[in-house]
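Student: The chain contents come next:
4 protein chains.
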Amino acid sequence: MALPAQAVMTTEEVQSFLDKVFEQAMHIRIEAIGPGTSRCRLPFDARHLRPGGTVSGPSMFQLADCALYAMILGTLGPVALAVTTNLNINFLRKPGPRDLFGECRSLKFGSRLVVGEVALYSDGDPEMVAHATGTYSIPPR
Amino acid sequence: MALPAQAVMTTEEVQSFLDKVFEQAMHIRIEAIGPGTSRCRLPFDARHLRPGGTVSGPSMFQLADCALYAMILGTLGPVALAVTTNLNINFLRKPGPRDLFGECRSLKFGSRLVVGEVALYSDGDPEMVAHATGTYSIPPR
Amino acid sequence: MALPAQAVMTTEEVQSFLDKVFEQAMHIRIEAIGPGTSRCRLPFDARHLRPGGTVSGPSMFQLADCALYAMILGTLGPVALAVTTNLNINFLRKPGPRDLFGECRSLKFGSRLVVGEVALYSDGDPEMVAHATGTYSIPPR
Amino acid sequence: MALPAQAVMTTEEVQSFLDKVFEQAMHIRIEAIGPGTSRCRLPFDARHLRPGGTVSGPSMFQLADCALYAMILGTLGPVALAVTTNLNINFLRKPGPRDLFGECRSLKFGSRLVVGEVALYSDGDPEMVAHATGTYSIPPR
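Protein chains in written order, with my numbering: chain A, 1 to 141; chain B, 1001 to 1141; chain C, 2001 to 2141; chain D, 3001 to 3141.
In isolation and in its complexed conformation, chain A is listed as follows (with noise of 0.2 angstroms):
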């Protein structure tokens, strides 16, 4: 299906329904949406850490999944029982103790499957920390 010119809810009510959706679990702050864009940000917290004071792998699939999500949001409006199928992560560069971004864009926005992908960066360090491409599919309506 073609993107709707503009986003269908805004950054402030993806960010609202993901906190109702995922109480206290959700750390992660909505910071863009865009028609099959979302710009997320994992603030830092000792508890992601892995050993050498990086972010944990499982806060950065979690800054991914979200990211994926939050476009969907944006693109379609409250789905909540849209659902992950597959996720594929390359982690490229240990990260910093610093706060996290994922940048997600669409590749595909199908009626059943949306694909896309999220580059995760260091705040502050234009390398990628790593890439991450996921499939979620969307119940009939």
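In case anyone wonders, no lab produced these hints; they're calculated from the structure.
Positions of the beta carbon are idealized from the N, C-alpha and C atoms, including for glycine.
Among these hints, one or two may not hold up.
To be verified - Among the chain B residues that face chain D by a calculated CB cut under 10 angstroms, a handful are:
#, residue
1, 1015
2, 1016
3, 1081
4, 1085
5, 1086
6, 1110
7, 1112
8, 1113
9, 1119
10, 1133
What the hints assert, rightly or not - Restricting the straight-line Cα-Cα distance to at most 27 angstroms, the calculated cross-link-like pairs of lysine-lysine (BS3-like) are:
#, chain 1, residue 1, chain 2, residue 2
11, A, 20, B, 1020
12, C, 2094, D, 3020
13, C, 2020, D, 3020
14, B, 1020, A, 94
Chain A is already provided as a structure; the job is to place chains B, C and D on it using the hints.
Tutor: Using the frame of chain A, we list chains B, C and D on its own:
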């Protein structure tokens, strides 16, 4: 390289190593370690929930990643700096609000790269809920 | 959905279907079909070689993809329009200049998505040479 | 490692190297090589077709894999023994019966592992038809 005839660390040693490395973030229990294999349990915790009472994707990712690392530790001994370079996960069914298990086996145990697969099961259910394959890079020794 | 008690197409029927669909490109032999499983053989052919006398990556990809499709056909019957949406392959060891086998089993057989894994072996060698997981999208019927 | 300021092999040198290495199997044209980038073309050929007149998955896999290898050659110079360790591909849209392009860029250029992504396009169509990420292992030098 050939796998050793038996694991070089006990289940308790792997648990103790991971508890120390991950400190407060380590909720996962190491249940069995063999040469090129591991079995790990993620105790059910309401904080890992997604809408619908299911365990979250990031929690399943963490269990898969930990099972791979435990398998490597049991085969190589304590290698603190092994890092995940790639993890691909397919989410197959919604797990219920119960403990999850990860059954891991190595597919290749090279001197520089270890590739393994992890089958994830919900306690008491024979159907696989997720399947992951991952690669760890082993530092030169 | 539940797998049928036995395959709904014979090995010969799957071979004939694929030979017709892929015409001259179909070098792969279907050796066994079961409910949610298949076994396929890629006969050795010098054209599939890479430097060092090993079977090429694209040939291994083709064998994995074909084994997934054959498994789906055996379970669903002739579905010409099923398409691969994702395939992830780990290359583990260099196969020798011999026939390759792909052993496929389904991980999830949904009404819209089928996920399966394929283990690839070089004829006469017990070590896996590659491992793939893939997803097919099944058209509405 | 840092990418060089410009590619260390020309487009013609990479083509000649690959033609020699793959002999008769090499249908792909190298169109551009830069530091950490490549652009390759798979000329349309009825033998790569799938039902419906679309280019086959294995052909798209081959184009993605070749674009990654060409990118590595252009950055490192002739490394005959670099091998693909992982390739993940998402098929997004059916390409038409036309030439395909693969646009490759490196995500990480390490001394042991190179990770890159490849966007595949059908000639004359701005929509991506497939997206791949892959890892090559570089032998010690």
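Student: Now, for every hint given, state plainly whether the structure supports it.
Tutor: Okay, the hints, checked on the actual structure:
1. Interface restraint check for residue 1015/B: the shortest CB-CB distance to chain D comes to about 29 angstroms, outside 10 angstroms, so the restraint is violated.
2. Hint on residue 1016/B is violated. Least Cβ distance to chain D is approximately 30 angstroms, over the 10 angstroms limit.
3. Interface hint status for residue 1081/B: violated, as the beta-carbon distance to the closest one in chain D is roughly 14 angstroms, over 10 angstroms.
4. With 10 angstroms as the threshold, the beta carbon of residue 1085/B comes within range of chain D, its nearest partner Cβ sitting at about 6 angstroms, so the hint holds.
5. Contact between residue 1086/B and chain D, as hinted, is supported at the beta carbon level, the nearest pair being about 5 angstroms apart and thus within 10 angstroms.
6. Among the interface hints, the one on residue 1110/B holds; its C-beta lies about 9 angstroms from the nearest C-beta in chain D, closer than the 10 angstroms criterion.
7. For the restraint placing residue 1112/B at the interface with chain D, the shortest Cβ-Cβ distance is roughly 6 angstroms, inside the 10 angstroms limit, so the hint holds.
8. Annotation: residue 1113/B was flagged as interfacial toward chain D, and the flag holds, the nearest CB pair being 6 angstroms apart, inside 10 angstroms.
9. A least Cβ separation of about 19 angstroms between residue 1119/B and chain D goes past the 10 angstroms threshold, and the interface hint is therefore violated.
10. A least Cβ separation of about 9 angstroms between residue 1133/B and chain D falls short of the 10 angstroms threshold, and the interface hint therefore holds.
11. For the suggested pair residue 20/A and residue 1020/B, the alpha carbons sit about 34 angstroms apart, so the restraint of at most 27 angstroms is broken.
12. Of the pairs offered as hints, the one joining residue 2094/C and residue 3020/D holds, with about 20 angstroms between alpha carbons and a cut-off of 27 angstroms not exceeded.
13. A distance of roughly 34 angstroms separates the Cα atoms of residue 2020/C and residue 3020/D; the hinted pair therefore is violated under the 27 angstroms criterion.
14. Using a Cα cut-off of 27 angstroms, the hinted pair residue 1020/B and residue 94/A holds, with the two alpha carbons roughly 20 angstroms apart.
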